[in-house]
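Between the sequences and the hints, there should be enough to build the whole structure, so can you do that?
Taking the working numbering, I'd label the letters of the sequence shown as residues 1 to 94.
No lab work stands behind these hints, which were simulated from the structure alone.
If you're wondering where the values come from, they're calculated on a predicted model, not measured in any experiment.
Incorrect hints may have been included.
Using C-beta positions, here's what the derived DEER-type ranges look like [to be verified]:
hint, residue 1, residue 2, range
1, Gly67, Gly92, 17 to 23 Å
2, Arg76, Ala49, 16 to 22 Å
3, Ala49, Gly92, 17 to 23 Å
4, Gly48, Thr93, 15 to 21 Å
Each residue gets a CB set at the ideal place from its N, CA and C atoms; glycine is no exception.
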Amino acid sequence: MKRLLSTIALVSAASAASAAVPGRGPGQVWPIKDTGAMHLAQAAPALGAEFYTTPDNCTYRRTQAPGYPPMWIIIRNPHHIGRPDAPRHCPGTL
1 MKRLLSTIAL
11 VSAASAASAA
21 VPGRGPGQVW
31 PIKDTGAMHL
41 AQAAPALGAE
51 FYTTPDNCTY
61 RRTQAPGYPP
71 MWIIIRNPHH
81 IGRPDAPRHC
91 PGTL
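And the structure:
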């Protein structure tokens, strides 16, 4: 529950802070691109699934220690399940 609340806070902060970064010329602004917040806002993986691949080719494996909620850990080289290497922008956990 604590992780869910922090995720919601992060997503709302990212959308509120999607202000702009000053550009090169007067009046120019560039939007902030926060790929981490986009990952968090995507649909959650299926409960019984062992692997999960996001739309931008970040592949994760489900892991769970006794007494703790499940976590999704990045797989950097998922060739054994027929997926491409993880791009650099992928967060380490979901």
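Evaluation of the provided hints:
Our hint of 17 to 23 Å for glycine 67 and glycine 92 holds, since their Cβ atoms are close to 22 Å apart. For the hinted restraint 16 to 22 Å between arginine 76 and alanine 49, the CB-CB distance of approximately 19 Å keeps it satisfied. Here the CB-CB span from alanine 49 to glycine 92 is close to 19 Å, well matched to the stated 17 to 23 Å. Between glycine 48 and threonine 93 the Cβ separation comes to about 19 Å, which falls inside the hinted range of 15 to 21 Å.
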